[in-house]
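Quick note on this note's numbering: the sequence shown kicks off at 23 and runs consecutively.
No lab work stands behind these hints, which were simulated from the structure alone. A virtual CB, placed ideally from N, CA and C, is assigned to each residue, including glycine. A couple of the hints might just be wrong.
Claimed, not checked - Estimated spans, in silico, between C-beta atoms of each pair:
1) P86 with R62: 37 to 45 Å
2) R67 with V45: 30 to 38 Å
3) A77 with V54: 30 to 38 Å
4) E81 with R60: 30 to 38 Å
5) P86 with G56: 26 to 34 Å
6) I83 with V54: 42 to 50 Å
7) R60 with L38: 27 to 35 Å
8) T85 with L50: 54 to 62 Å
9) A57 with A77: 28 to 36 Å
10) A66 with L38: 38 to 46 Å
11) P84 with A57: 39 to 47 Å
12) R62 with T40: 27 to 35 Å
13) L35 with A73: 26 to 34 Å
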Amino acid sequence: MPGTYDVLAMDGLGILGTVGFFVPAALLIALVVGAVVRDRKLSAREAAAEADEAAFKREEIPTPPPGTD
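Kindly produce the complete structure, drawing on both the sequences and the hints.
Quick look at the structure:
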């Protein structure tokens with residue numbers, strides 16, 4: 023035999039431990055990213071609504087005073 027061979031052996035508990043750590047971590051990261059994206063969309067929507075309201079008030083046609091017809 024030309025030498026010793028190193029074989030990486032991993033039992034089922036090691037795989038379960040690895041999956042049990044990384045899957046919940048990935049889900050938590052996905053949840054946080056989704057919450058941040060949702061918050062930014064809502065903030066942008068509110069800012070656009072405020073800008074629209076300000077523009078409508080600025081551009082509205084004033085009503086003439088009574089008796090000037």
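Problem set entry | Structure versus earlier hints - violations, ascending order | 5, 13
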